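Asker: In case you want the letters, here they are:
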Amino acid sequence: MLDTVDAKISPNKAVIPMWTGLVRYLHLTPRAFLPMRSMPELRLIEGKGIVGDRYMIGREEGFYSHRPEEGRQVTLFELETLIALKRDANVELGPEEHRRNVTVEGVPLNHLVGRRFWLGETLLEATRLSIPCRHIEEITGKAIFDPLINRSGLNCKILKDGIVRVGDAVRNA
Amino acid sequence: MSPVAVTTIKTIVEKIDDVGAGAKRFVLADPDHWELPPHRPGAHIDLHLPGGLVRTYSLCNDPADDKSYVIAVKREDAGRGGSVFLHDRIKTGDTIGVTLPRGGLRLDEHASRLVFVAGGIGVTPFLSMAAFLKRTGRSSFKLHVMARGQPPLADLLVPMLKTGHVFIHDTATTGRPDLASLVGDHMPDIGLACCGPQGMIADFERATKDWPEVRVHVERFVAPPLPVDPDAKPYTLALSRSGREIHVRAGQSMLSALQEGGIDIPASCCGGICGSCKVGWLEGRPVHRDRVLSPAERERSLMVCVAGSANDRLVLDL
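These protein sequence lines map, in sequence, to chains E and S. Note that the working numbering has the first sequence beginning at 1, numbered continuously upward. Note that the working numbering has the second sequence beginning at 1, numbered continuously upward.
Extracted from the complex, chain E is given alone in its bound form (with noise of 0.2 Å):
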């Protein structure tokens, strides 16, 4: 089960590819299914979540907040696969539309499960990759559940805290 990984560092002896990314767009919402809002930046907090998020530790508004997760403080999601998903199934996503918090560009997701990485100036480290729910396709009306198996993105906690901005880096620690 994805979601029940027990993610660990991942030994230095794990192949990593070579990669550098951006942060492409940056969404949040307050409350369990509003619309998700673009912003120009988030502020992280170390061990919480984003000021403002519906799964801010403390806030707990999310429509999974009931089911407490620390690795759900951020999660990211491929600029890639809103690519792959109108090339594979047909269907228009947009970047506010997957609910995760930051969309990157150049960033290979699956591999950073139990890994550190720089956001911008915040520290992460991924726990689990997403995994896609119904929730998603009640909300936007669109059949995107299997088309998003094994793609749905990344939860991580924060170790740094700062401000992340559309157009940082992302970067291995």
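For the record, the hints were derived by calculation from the structure and aren't laboratory data. These numbers come from a predicted model, not from an experiment. Check the hints yourself; a few may be wrong.
[As the list claims (entries may be wrong)] Derived pair list, reagent style DMTMM-like, types lysine to aspartate or glutamate, alpha-carbon separation capped at 25 Å: (1) LYS142/E - GLU109/S; (2) LYS10/S - GLU69/E; (3) LYS67/S - GLU138/E; (4) LYS142/E - ASP65/S.
Since the structure of chain E is already known, use the hints to place chain S on it.
Answerer: Chain S only, in chain E's frame:
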């Protein structure tokens, strides 16, 4: 940690005003005036009221207004309690949980002229539609409103009287106009829609029986009674997630059997039209009797208020 799952959109009652004909208008908004989930013209939402009351109301504001959900509710003293609760107990500043908007008037996009027939408070979905049509430049529509005396929401209707979009028929003085002559003969570019009391809908359906289905939409507030099935048989619901089994008596609704088993299913219309009680099914042969699911949706979902089972066991995703 939040003790229970968030299942509804949290809204605050921003404004309540009387809109005539025994109706009140409620403006609901996010506590921080965040954008609300979008709605189609003529869509409806469920209000989850204290005490487990769930009631469905059409939205009457323009879908371009993404900061509020506006409903109008006529007080029905002999109703099921939702309207009386809203009229008597709900105050400005109260919190109400609502569902994502569903449905909407699905009219053939090729219909360039639209005729709407509304009875009383049944005018609400057409107000949202009218605002949408005017804003998007499709101004060729007529809204006929039947009401005893002054119609509700006159403040929204009067400006459209002047533009020739609205026609008010006072049934207290003239009786209900002949709907067949009102809608006329079928023309290829005309789409029709009706919302109102059961008797008026029945008249409308008779008047439009020769029209193609794609050109005619009926929005119901009261579910039509289910025909009694003399061949109804008992069956068992197997709940895949909990491992429980629920027995449904002959003629009993699936919803009622689940509720007797202590399973909380949000339900509103209980007649297969509002879409509140949709549940996934996994194995078996459901009998679909709803008027809301598409053929594709029926491949994996059913409405427990009206659905049955063609054999003695049905597995639900519960």
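Asker: All hints, please: hold or fail.
Answerer: Quick rundown of the hints versus the structure:
no., hint, verdict
1, LYS142/E - GLU109/S, "20 Å, holds"
2, LYS10/S - GLU69/E, "23 Å, holds"
3, LYS67/S - GLU138/E, "20 Å, holds"
4, LYS142/E - ASP65/S, "22 Å, holds"
Hint compliance for this structure: every hint is met.
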